[in-house]
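> Going down the list, the sequences are from chains A and B. By the numbering used here, the letter at position 151 of the first sequence is numbered 151, and the numbering carries on one by one without gaps. By the numbering used here, the letter at position 37 of the second sequence is numbered 37, and the numbering carries on one by one without gaps.
Mixed in with the good hints, there may be bad ones.
[To be verified] Quick list of in silico lysine-lysine cross-link-like pairs, DSBU-like style, CA-CA up to 35 Å: (1) Lys89(B) to Lys145(A); (2) Lys89(B) to Lys133(B); (3) Lys61(B) to Lys89(A).
[Claimed, not checked] Partial chain A-side listing against chain B, Cβ under 7 Å, derived: (4) Pro96; (5) Val147; (6) Ser150; (7) His151; (8) Ala154; (9) Gly159.
Treat the hints as calculated values from the structure; they're not laboratory data. Don't be surprised by glycine CBs; every beta carbon is placed ideally from N, CA and C.
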Amino acid sequence: MRESWKMVLRYLGAMALIAAVWAGASWLLQAVRGREILPTPWETAAAAGETLSVLAAALGTSALRFLIALAVAFLLGLPLGLAIGFESKLDRYLSPLIYLLYPMPPVALLLFLYLAFGLGEVVRLVVVVMALFFQIVVAAQGAAKYVVPSHSTAIRAAGATRRQVYRHVVLPATLPSVLTAARVSVGLGITMLYIAETKLGVLLGPGSGLGRFIEYYTFRGDIALAGVVGLALLGLLFYVVLELLERVLCRWKFVGARGGT
Amino acid sequence: MIEVDGLTVIYGRGDAAVPAVAGLSLEVDSYELVSIVGPSGCGKTTLLFALDGLISPTAGKIRIHGEEVRGVRRDVALILQDAGLLPWKTVRANAELSLRIQGRKETATKVLADLGLAGFEKRFPSELSEGMKRRVGIARALALQPRVMLMDEPTANLDSITREHIQNLILGLWWEMGFTGTLVTHDIEEAVFLGKRILVLSARPARVVEVIENPGMGEPGYRGTPEFTAQVAHLRQVLGGNGP
Numbered sequence: 001m002r003e004s005w006k007m008v009l010r011y012l013g014a015m016a017l018i019a020a021v022w023a024g025a026s027w028l029l030q031a032v033r034g035r036e037i038l039p040t041p042w043e044t045a046a047a048a049g050e051t052l053s054v055l056a057a058a059l060g061t062s063a064l065r066f067l068i069a070l071a072v073a074f075l076l077g078l079p080l081g082l083a084i085g086f087e088s089k090l091d092r093y094l095s096p097l098i099y100l101l102y103p104m105p106p107v108a109l110l111l112f113l114y115l116a117f118g119l120g121e122v123v124r125l126v127v128v129v130m131a132l133f134f135q136i137v138v139a140a141q142g143a144a145k146y147v148v149p150s151h152s153t154a155i156r157a158a159g160a161t162r163r164q165v166y167r168h169v170v171l172p173a174t175l176p177s178v179l180t181a182a183r184v185s186v187g188l189g190i191t192m193l194y195i196a197e198t199k200l201g202v203l204l205g206p207g208s209g210l211g212r213f214i215e216y217y218t219f220r221g222d223i224a225l226a227g228v229v230g231l232a233l234l235g236l237l238f239y240v241v242l243e244l245l246e247r248v249l250c251r252w253k254f255v256g257a258r259g260g261t
Numbered sequence: 001m002i003e004v005d006g007l008t009v010i011y012g013r014g015d016a017a018v019p020a021v022a023g024l025s026l027e028v029d030s031y032e033l034v035s036i037v038g039p040s041g042c043g044k045t046t047l048l049f050a051l052d053g054l055i056s057p058t059a060g061k062i063r064i065h066g067e068e069v070r071g072v073r074r075d076v077a078l079i080l081q082d083a084g085l086l087p088w089k090t091v092r093a094n095a096e097l098s099l100r101i102q103g104r105k106e107t108a109t110k111v112l113a114d115l116g117l118a119g120f121e122k123r124f125p126s127e128l129s130e131g132m133k134r135r136v137g138i139a140r141a142l143a144l145q146p147r148v149m150l151m152d153e154p155t156a157n158l159d160s161i162t163r164e165h166i167q168n169l170i171l172g173l174w175w176e177m178g179f180t181g182t183l184v185t186h187d188i189e190e191a192v193f194l195g196k197r198i199l200v201l202s203a204r205p206a207r208v209v210e211v212i213e214n215p216g217m218g219e220p221g222y223r224g225t226p227e228f229t230a231q232v233a234h235l236r237q238v239l240g241g242n243g244p
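Sequences are here, hints too, so could you generate the full structure?
Here's what the structure looks like:
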């Protein structure tokens, strides 16, 4: 408990540091260019207060959108990645396919995605899912490839079915790396979310996502910047949630050797 | 009773084919404990996996209690090298793993207590010493109440004191539970201590080249006897003559 308070304090300290650097940058830009370029933290905070209900709605919508995209990416990517990594036949035939598609940025396909899915909610989810899906597939595949053979032998020796091998060995063995990869991908996912909400959200109001909020207030720098802070907090939220998930689901990773006889 | 008749196991096909076991025959009587020794990489583990039904023979037959082995049997338990514990499962979950895989509802509580692991049920393998890990591996096998116990180097990489503890434990369990046992080892003293008969295998592909009767085996005190020392010396000589 005490540790977690210390962690909260460290995060507050980091926030204060960022705010100080930010204020310094605002002041410096104003001094150099002779006019306000970057709104200060307090101006941004005031702007956030001014549009609080819209900003909160935008944050909530973006968070929900990201959560759904993350869940879908896991549901589709995890089984596929594990199977490709663990079954050497699938690995031979599907890996080249994955590796060819993996570096392709979904942003480059926005036009076709728009034509295929229209401008509804689905297309925004598709863009984010595409970005996260490949990250999860590649992480799961990489981890499943190196499942310790004696672990699967241990349960095959008891007569385990293929399903039981996945449930008791392949999934738990790979979960830590997959969750870490998902955490690392949060930044990319948030970027894709922003792009989806701006490029494919032109018909929406400012409350329908932080990307749309930022674009809607393009000419009110202080309010737009409040939206950017919202995006950063959204990323932090998912980063922390994924880390907590790893601590709960992979508790064995976090226990040390205590010795014994 | 275990009967192996002309067992041949070949890995791979065509030019890449590697014979691991070639025309091996052996018999283990009911309630007998037999140790199997041979040069490293000679196919001992392959033989054990075939006995367990994990590997199907390329040729030959394996019968346990008169029935031909076609896949994993519920009355046969395998103790793996390095115990084969799953790091993400607690001691209890590891000990009950084979039971659960087979859809059985029994618990391993008593077995864990008998092996001195009471109070450690919620620990993870990374929190245990090597000796404790091996005992959890043994508990997993015992929980199945098997009639046949297959052991793959159960004391490999242990310090000598812990190794003797585990050897005494296996001997005690054999007396108590009366299983039919096959113990693969590369430790000469272990083979003499735990084998009523000692089967010496050739280098790969494995065949039985010699069977040593070892009637004195069966007591923890056997280690200190001149008979034990003589058997160890004899086995060392046999192995020296058959390998590099």
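> If a hint holds in the structure, say so; if it doesn't, say that too.
Hints, one by one, checked against the model:
Of the pairs offered as hints, the one joining Lys89(B) and Lys145(A) holds, with about 20 Å between alpha carbons and a cut-off of 35 Å not exceeded. Between Lys89(B) and Lys133(B), the direct Cα distance comes to roughly 12 Å. Compliance with the 35 Å bound is thereby established for this hinted pair. Taken as a hint, the Lys61(B) and Lys89(A) pair is honoured in the structure, with Cα atoms around 30 Å apart against an allowance of 35 Å. At about 23 Å, the closest approach between the beta carbon of Pro96(A) and any beta carbon in chain B exceeds 7 Å, and the interface hint on this residue is violated.
Taking 7 Å as the C-beta cut-off, the interface hint given for Val147(A) is violated, the closest approach to chain B being about 11 Å. Annotation: Ser150(A) was flagged as interfacial toward chain B, and the flag holds, the nearest CB pair being 5 Å apart, inside 7 Å. The interface hint given for His151(A) holds, since its Cβ lies 6 Å from the closest Cβ of chain B, which is under the 7 Å cut-off. Given the 7 Å rule on beta carbons, the hint for Ala154(A) holds: about 3 Å separates it from the nearest Cβ of chain B.
At its closest, the beta carbon of Gly159(A) sits 4 Å from a beta carbon of chain B; the interface hint therefore holds under the 7 Å criterion.
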